[in-house]
Amino acid sequence: MDMILIPAVNMAPILPEILLSVLAMILLLINVFVPGGKKSNLAYISFLGIIAAGVLVAIGWGAHIESFSGSVVLDNFATFFKMTFLVAAGLAVLISDSYMEREGCNHGELYPLILFSVVGMMLMASGTDLMTIFLGLEVMSVALYVLAGFNRGNKKSNEAGLKYFLLGAFSTGFMLYGMALIYGATGTTRLFKIAEVVGQMTLPTTNIMLVAGMLLMMTGFAFKIAAAPFHMWTPDVYEGAPTPMTAFMSAGPKAAGFAALLRIFLVALPTLQVEWSQVLWVLAVLTMTVGNITALRQDNIKRILAYSSIAHAGYALVGFTAGNGTGIAGILFYMLSYAFMNIGAFAIIILVTKKGETNGNVSDFAGLGFKHPLLALAMTLFLFSLAGVPPAAGFIGKFYLFSGAIQEGYIWLAVIGVLNSAASVYYYLRIMVYMYFKESTEEFEWVKVTAPIALAIVIAAVGTLIPGIVPSVILEYAQMAVKLI
Amino acid sequence: MENLNSYLIVSAVLFSIGTIGVLTRKNAIVMFMCIELMLNAVNLTFVAFSRYLGNLDGQIFVFFIMTVAAAEAAVGLALFISFYNNKESIDVDDANLMKW
Chain A
1161 MDMILIPAVN MAPILPEILL SVLAMILLLI NVFVPGGKKS NLAYISFLGI
1211 IAAGVLVAIG WGAHIESFSG SVVLDNFATF FKMTFLVAAG LAVLISDSYM
1261 EREGCNHGEL YPLILFSVVG MMLMASGTDL MTIFLGLEVM SVALYVLAGF
1311 NRGNKKSNEA GLKYFLLGAF STGFMLYGMA LIYGATGTTR LFKIAEVVGQ
1361 MTLPTTNIML VAGMLLMMTG FAFKIAAAPF HMWTPDVYEG APTPMTAFMS
1411 AGPKAAGFAA LLRIFLVALP TLQVEWSQVL WVLAVLTMTV GNITALRQDN
1461 IKRILAYSSI AHAGYALVGF TAGNGTGIAG ILFYMLSYAF MNIGAFAIII
1511 LVTKKGETNG NVSDFAGLGF KHPLLALAMT LFLFSLAGVP PAAGFIGKFY
1561 LFSGAIQEGY IWLAVIGVLN SAASVYYYLR IMVYMYFKES TEEFEWVKVT
1611 APIALAIVIA AVGTLIPGIV PSVILEYAQM AVKLI
Chain B
6 MENLNSYLIV SAVLFSIGTI GVLTRKNAIV MFMCIELMLN AVNLTFVAFS
56 RYLGNLDGQI FVFFIMTVAA AEAAVGLALF ISFYNNKESI DVDDANLMKW
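Chains A and B supply the protein sequences, listed in that same order. Position 223 (the first sequence) corresponds to 1383 in the working numbering; numbering is contiguous. Position 32 (the second sequence) corresponds to 37 in the working numbering; numbering is contiguous.
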């Protein structure tokens, strides 16, 4: 009888994933024995776990290890994105506890679900096989569907979960069909081999299966990163989901979508760059414009940030359209700083809103600057960063994205981007006008700054400010990460 | 396998039926069934290519798709139930609290 040979597998590239998934399973078990009111212990344990995973990820910096017969790789690109996901998850865990307590849905399953979705994101960033990337995407998405509908008693949260699930599964169908067609056209699912096969084709653009597969796959990922015209779910899901999960969803999965998109298109389909960058050009312009123009007319602050997150996906797509070192490094930098500034802004929204989020409108921020000057100051920093005003990190990120586009000759794209960025200042400033120039009608006596949220806001503020003043602390790493692709 | 095209046509037709179903139906469960139809059309494409190319990668992919579809179904139906508990309906037209 033939022996079944088990191939030697190097576990090193997925150590952080193993740590987080084991921890998540243990937490699920512990959760059963933790009495109802004490779920914050789970938050602390998962925060420590995220830090430990961060240490493991940081140790892997500079390595280049392929494992699982070339379907997973540990390189600087993956490491940089893994750090981004861990930052998003860590901040989300910190701001979750008191919110969930207040809304009466403090179930312990929240933290394992966050960890599982981070594992999925990490696999997306390090996968070099369509199969791994698809599995990572689904591990992430299935956990996120639950997180969006986590507040079971709340009708808006139910609706958010339902919409996110139906549209997410729908878009997965398109992406899978694209993957199937690419498999049919090239005979493999390994990204490197796809690149080889496509490189040897005499006229790859006339291969209908390949081009259709590429476009279908792009549709699926455009949905995940909330690019127009596949953005319709975003405002509803972001408004309805519990606020800490909205913060997490706007930072983590968007970065993961970009990681997988960059990896697939730059590694497997560089031969078709001229073609796909034209498609991305249109997507980038549409996404920025739709996001910003619709945000101008919104009153609910979570919806404003949802549309602004669409616009930010558009800015990142500008860098992707350029496809050069500057633009791609700009995306990496921008995704990390976006995680800091956006989650920071959501942390303050959590503090200012009441139970049930009955006061989620911009006008409810009136007078916050006088009652809680520090909170308003932090909010101002995050909003300036989102608008792209120096010295915040958002400015540096946009600067690199747009200069990448200019280097490649996409002058008009950069012009449209800058005009959009200028238009976006209106709705960010509107929040500040309410905070500082309107009489307050409220005393904000319900605002209770707990230690974890304060820590999250401080971390987010540092993460927004330092890279804005000394960009090289992060940008150097981003540039090193891009080199290997 | 000379008739690869006929398999591809069947799966493309199935995929289109699924897509049209998702876009036109209003019942969340029926929409989800149409999504499953799309996924199975993809599975058929993978298996047909795999057999045609003499390469097992596609069939392994199908196993993963089926597993993931099962996990998705579990989560999705749970979400439908919690929606139904609050709304007494699983018509997606009733998911209308948030607009624009």
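Derived from the structure by calculation, the hints contain no laboratory data. Quantities reported herein were computed from a predicted structural model and do not represent experimental measurements. Mixed in with the good hints there might be a few duds.
[Claimed, not checked] For lysine-lysine, the following PhoX-like pairs were computed, each having C-alpha atoms within a straight-line distance of at most 20 Å: (1) A:1316 <-> A:1514; (2) A:1515 <-> A:1608; (3) A:1608 <-> A:1315; (4) A:1514 <-> A:1531; (5) A:1531 <-> A:1315; (6) A:1315 <-> B:31; (7) B:92 <-> B:31; (8) A:1608 <-> B:31; (9) A:1531 <-> A:1199; (10) A:1608 <-> A:1531; (11) A:1316 <-> B:92; (12) A:1316 <-> B:31; (13) A:1316 <-> B:104; (14) A:1515 <-> A:1199; (15) B:31 <-> B:104; (16) A:1198 <-> A:1643; (17) A:1514 <-> A:1608; (18) B:92 <-> A:1315.
Legend entry - Straight-line alpha-carbon gap residue 1515 of chain A to residue 1199 of chain A, limit 20 Å: 19 Å, holds
Inset, instruction - Measure nothing beyond the straight line between the CA atoms of residue 1608 of chain A and residue 1531 of chain A; if it is 20 Å or shorter, mark the hint as holding. - result: 12 Å, holds
Legend entry - Pairwise hint evaluation, residue 31 of chain B against residue 1316 of chain A, where the allowed Cα distance is 20 Å at most: Distance ~19 Å between residue 1316 of chain A and residue 31 of chain B Cα, so the pair holds.
Inset, instruction - Sort out whether residue 31 of chain B lies within 20 Å of residue 1608 of chain A, counting only the CA atoms. - result: 43 Å, violated
Inset, instruction - Would you check the hint for residue 92 of chain B and residue 1315 of chain A, treating anything up to 20 Å between C-alpha atoms as holding? - result: 8 Å, holds
Legend entry - Straight-line alpha-carbon gap residue 92 of chain B to residue 31 of chain B, limit 20 Å: Roughly 15 Å between the alpha carbons, so the hint for residue 92 of chain B and residue 31 of chain B holds.
Legend entry - Satisfaction of hint between residue 1531 of chain A and residue 1514 of chain A, Cα-Cα up to 20 Å: Answer holds: residue 1514 of chain A to residue 1531 of chain A is near 16 Å, not above 20 Å.
Legend entry - Proposed proximity, residue 104 of chain B with residue 31 of chain B (alpha carbon, max 20 Å): Holds: residue 31 of chain B and residue 104 of chain B sit about 17 Å apart, inside 20 Å.
Inset, instruction - Compare the distance between the alpha carbons of residue 1315 of chain A and residue 31 of chain B with 20 Å, and conclude whether the hinted pair is satisfied. - result: 19 Å, holds
Inset, instruction - Sort out whether residue 1315 of chain A lies within 20 Å of residue 1531 of chain A, counting only the CA atoms. - result: Outside the cut-off at roughly 32 Å; violated.
Inset, instruction - Sort out whether residue 1514 of chain A lies within 20 Å of residue 1316 of chain A, counting only the CA atoms. - result: Cα-Cα ~15 Å, so holds.
Legend entry - Restraint status (C-alpha distance of residue 1531 of chain A to residue 1199 of chain A at most 20 Å): 31 Å, violated
Violated hints, in rising order: 3, 5, 8, 9 and 16; the structure is consistent with all others.
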